[in-house]
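Enquirer: As a plain string of letters, each chain reads:
2 protein chains.
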Amino acid sequence: MNTPPKADRIEQVAFGFMASKVLFCAIEFGVFTELAKGPLRAEEIQARLKLHRRSIHDFLDTLVALGMLEHNGEWYSNSSDTDFYLDRNKPTYIGGFFEFWNAREYPIFGSLGEGLTTGKPQNEIKTGTERLEFEALYATPERLRVFLRGMTGHSLPSAMAIAQKFPWSKYKSFADIGPAEGCLPVQVALANPHLTGEGFDLPTVGPVFEEYVASFGLRDRIRFRAGNFFTDPLPAADVLVMGMILHDWNLETKRQLLTKAFDALPKGGALIVYEHLIDDGRRKNVAGLLMSLIMLLETQGGFDYTGADCCGWMHDAGFSETYVEELTGIESMVVGIK
Amino acid sequence: MNTPPKADRIEQVAFGFMASKVLFCAIEFGVFTELAKGPLRAEEIQARLKLHRRSIHDFLDTLVALGMLEHNGEWYSNSSDTDFYLDRNKPTYIGGFFEFWNAREYPIFGSLGEGLTTGKPQNEIKTGTERLEFEALYATPERLRVFLRGMTGHSLPSAMAIAQKFPWSKYKSFADIGPAEGCLPVQVALANPHLTGEGFDLPTVGPVFEEYVASFGLRDRIRFRAGNFFTDPLPAADVLVMGMILHDWNLETKRQLLTKAFDALPKGGALIVYEHLIDDGRRKNVAGLLMSLIMLLETQGGFDYTGADCCGWMHDAGFSETYVEELTGIESMVVGIK
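So the protein sequences, as listed, match chains A and B.
Convert by adding 17 to the 1-based position in the first sequence; the result is the number in my numbering.
Convert by adding 17 to the 1-based position in the second sequence; the result is the number in my numbering.
A hint or two may mislead.
You can't tell identical chains apart in this list, so a pair holds if it fits in one copy or across any two.
[Claimed, not checked] Cross-link-like lysine-lysine pairs, in silico, DSS-like; alpha carbons within 30 Å at most:
(1) Lys355 - Lys277
(2) Lys277 - Lys187
(3) Lys182 - Lys284
(4) Lys23 - Lys301
(5) Lys107 - Lys182
Simulated from the structure, these hints should not be mistaken for lab results.
Extracted from the complex, chain A is given alone in its bound form (with noise of 0.2 Å):
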């Protein structure tokens, strides 16, 4: 009892809740959209936003302690990473990632413990309200656009690693399979002027994905091509592109998506698989781990996984050559050749 150890550790993880819902407030609220313009003093930031006078000082000194602002004398400015990703204005913003956990994933996880005890999911399939993944996410236009441009925040950094890493020289067309309003393909095809594209998703997705891509001025490369990647055959490309696809579907399914893409690819092509995967030792990347319990509380089987789980599953479909790279800090890439 003279010399306990320290609750810090403990403590600093249970405090998280607080720390997300701060920054989530800041996204929606336009703090670092607002910031992006300009240093401004904390009586100008609360008049902007139309926030009260009574905790701004709290709200904006916690995004500081957090490292998401900056604070010199009065004056509070973005860090250099919060102006690159969460002002709405920048075609990098991230932020609509988040605005949908806000919005969906904080409360759905204030049920994770009955996940953990049933199994199930705690989404719109638990109250019988939908049957399927994503009927609820696509149901109307509105709730379909956040949720598309959501995924454009969760793909974007991974996106832009990918465009740069992978050995696209060696290559002339490419489709995403899955790729909501096309972060991907419109990040690979800046990159590489040599290379033309396809988006391959379900109809519904056809005008948000074509609207997107065209603000880049990429249409004459970037086509969207409507289909099931259950049901249709998937577009023949030398490389096909899978991210965050595989971690919603039972490891059944995740063959079956695998063969599939093998059985589309010709001879020397690359299936590229990019998650939050998993370290092989399973007790490093939190954000992949944490991933897999999202899909729990989202989908009726999906799970993470780590790199040396999908490489297994790419040699038995038939992929002679894999490997893994890290994409950013959290993310990395599942490469497969035919």
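Based on the hints, put chain B in the right spot on chain A.
Expert: What follows is chain B alone, placed relative to chain A:
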């Protein structure tokens, strides 16, 4: 665009709510209590805690990645800090605080945005079912007990540090103002056999306090005194303690309580205030700033503050000497000498 900044820091903050919830579920299920008896395999933990097998590995491995469990071969075991603080069978259990947060603060923090916009509490005060702070928390014997047990979890790390770090040998008696179960009086009395102490709280707290103190065999040295610190005089003692009390109230009430403590102390007597103090620069101690946002959501005028703020108020109240000393990584005490 060639070397975009990393999004890792943003994503780490954004993932925090899920990490908190995993820890809270582990505490509620009794994972740490079970593992305090000895290491177990995943399947054994699942069976003993009646969890579903679907996500048991993801759940446990997330706790490993967060540093809350260790994993060797097939065996999971507690880390030294979770074994000490999160085993329900130990008197050093602080999990009650996180059980309270899980049940109450996680959903209340869902309304942070409305709190920041209106400056108004988002608890029962908002819905009009209760008019005053603490009325809801004390409304039934069960809610009272959950809250008071939670406060023990909140206070224990600081109480153990105060019992060691404050120069108790100079004093003979102390009184804790708003002691809840009596966590601080117990720790101070255990470490300093020459002291006698009192706990001063609302009458309804008495039976819970006396039961807790008796469980440590300290009824002869620690007594309960029923009273209201707004309407009754404070106890006479050489040292008065206020832990997580001042932050509940607005500035005027904070000053009123400090003056009342000054008046009650003998010359040479000391007041100890302990809280998640915000650092003087308001740019480091995330925990203190987040506690202040809890005060927004739970009280009508409460807020957390820096050590410099508190020293200033103490000097204004008449204290001749003040100092700040760190207790744990995230909590500190402010001492005022009359």
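Enquirer: Now tell me, hint by hint, if it's right for this structure.
Expert: Hint check results:
In the homo-oligomer, the alpha carbons of Lys355 and Lys277 lie at most 30 Å apart inside one protomer (12 Å), although the nearest pairing across protomers, at 79 Å, exceeds that limit. Proximity of Lys277 and Lys187 under a CA criterion of 30 Å is satisfied intra-copy only: 22 Å inside one chain copy versus 79 Å between copies. Only within a single protomer do Lys182 and Lys284 lie at most 30 Å apart by alpha-carbon distance; the minimum there is 21 Å, versus 71 Å between protomers. Taking the shortest Cα distances, Lys23 and Lys301 sit within 30 Å of each other both inside one copy (22 Å) and across copies (18 Å).
Taking identical chains as interchangeable, the C-alpha atoms of Lys107 and Lys182 lie at most 30 Å apart only when both belong to the same chain, with a minimum of 23 Å there against 52 Å between chains.
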